[in-house]
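Protein chains: 2
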Amino acid sequence: MSRSGGTGAAIGAVPLRIALDQGTAPGGDPRGALTRLAGVARAAAEAGARLLVGPEMSLTGYNIGADVARLAEPSDGPVAREVGRIAAETGVAIAYGYPESDGGRIYNAVQLVGAAGAPLAGYRKAHLFGELDRAAYSPGDDPVVQATLGGLRLGMLICYDVEFPEAVRAHALSGTELLLVPTALMHPHTGIATSLVPARAFESQLYIAYVNRCDTEGELDYCGSSCLVAPGGTELLRAGAGEELLVADVDPTVLRTARRDNTYLADRRPGLYAALTEPGSG
Amino acid sequence: MSRSGGTGAAIGAVPLRIALDQGTAPGGDPRGALTRLAGVARAAAEAGARLLVGPEMSLTGYNIGADVARLAEPSDGPVAREVGRIAAETGVAIAYGYPESDGGRIYNAVQLVGAAGAPLAGYRKAHLFGELDRAAYSPGDDPVVQATLGGLRLGMLICYDVEFPEAVRAHALSGTELLLVPTALMHPHTGIATSLVPARAFESQLYIAYVNRCDTEGELDYCGSSCLVAPGGTELLRAGAGEELLVADVDPTVLRTARRDNTYLADRRPGLYAALTEPGSG
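Protein sequences appear in the order of chains Z and R. Read left to right, the first sequence gives residues 1 to 282 (this note's numbering). Read left to right, the second sequence gives residues 1001 to 1282 (this note's numbering).
Treat the hints as calculated values from the structure; they're not laboratory data. All clues stand as given, with none of them false.
Facing chain Z, a subset of chain R residues (Cβ under 10 Å, in silico):
{"#": "1", "residue": "D1141"}
{"#": "2", "residue": "F1202"}
{"#": "3", "residue": "L1276"}
{"#": "4", "residue": "T1277"}
Examples of chain Z residues lying across from chain R (beta carbon under 10 Å, computed):
{"#": "5", "residue": "V144"}
{"#": "6", "residue": "Y160"}
{"#": "7", "residue": "P165"}
{"#": "8", "residue": "A167"}
{"#": "9", "residue": "R169"}
{"#": "10", "residue": "L173"}
{"#": "11", "residue": "S174"}
{"#": "12", "residue": "Y264"}
{"#": "13", "residue": "R268"}
{"#": "14", "residue": "A274"}
The structure presented is a predicted model; accordingly, all values stated were derived computationally and were not measured. Note that CB positions come from ideal geometry on N, CA and C, so glycine has one too.
Starting from the given sequences, assemble the full structure and let the hints guide the process.
This is the structure:
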């Protein structure tokens, strides 16, 4: 880990080793989740990872009803500080999910904390999923949130967001090379993880790290199947149904080769896509 | 077949039986291709189909070099009239591929001829693929071309077009229920047919009929694998590697149920997608 909070070495020169944490502590107990996270971050560091990504609402639980309001905190709150301490101790940047409060509204958020312990970027889920999301959260309005880590341009989406090709395309057009997607995908929707996410990586020519829960919360039975997919559509990592820490390298050279061989981004016809932005179209 | 050239019975009331013609006559010989088409249209009619869809450049060949200019004709030219005659004789609407001349430019085009024998709509490929397309064709500039057949709203794209999520999304937003995609997909790109096309149908909640060639032309070895995919992502038809006539029903009730259960189109955030239409973004 060279530096955090900014550009690393020469852009795109060195692969970034990423760890996908398909696992969570029981919901409603951030303290227990932080204790678990510290152990996982140590394991990720031992595996040489410089970035650790967890599922949606990794530190609080997702289907936790009124606990959302109780556990929501600002992006520089106690949980952020504790994650920063873990990141600094292990030298691993950490992307974690939590309910973010801006003092008034609550968002379904992911924050990326650098290996020096300071927040690098925070993203608020823009495409809310069903009543569960809508009852608890306000939608975010910033479609592309990015940070640079180890010379690689990272972006973040959350769960349902990635199912919209527009959301991923906006990232690719803005230069995102590795898209982090914490998620809480449940049965019977495994096809999202196994078919749709690889299609997204292929069609928009970027890496996608899709990191799912594998527990159950009430009637929700999360389906695991976390993955890291390369821009060519190849699955570099694919988790099973249970708790798992997966590690692989994200290689900017592979990305450049993929974009040279597959010219989707250059062959687009933006002048023909006006219908996609019309107010009545969604 | 109730009527052609306009709306059929009550919109969406009756399934439309479609036949996918994965096959072509040798390139460069439209007369031979029309003779073959007449036989296929009779077989489609016997199977109860009301619509027959062939591959990209089905009546001329695709990789035919300078023959493109020799065989190009206007949308109401001799080939169109002959296809109209076959459609009227068999009572089957026909979508076929040909090089269209507007007197100056030549387009990679598909025309839909109604069962009464008159053209219903013509589409010109907007996303040209590689040097082969670019050397021979001008790009079309109309992203959404539609026609109504048997109460179902049909749209057309060609080959590479469908690989762009924006192109399919524009159709879904414009009401297309069944998207016809004549194609000329070659090895080693079978994944487009087996993975990307089903993702398109699922994410934009429409039927896609993707009809490929299965011959070889020069160095191009077409990979078959034509398919009809339902809005839920289910494959209703999937061809093998050789010549095949596949028949299935496109059911507007299934489409309505899929769109009710999966609210992708309603959950879009068009206000966040401005980057997709920026001139420099393609």
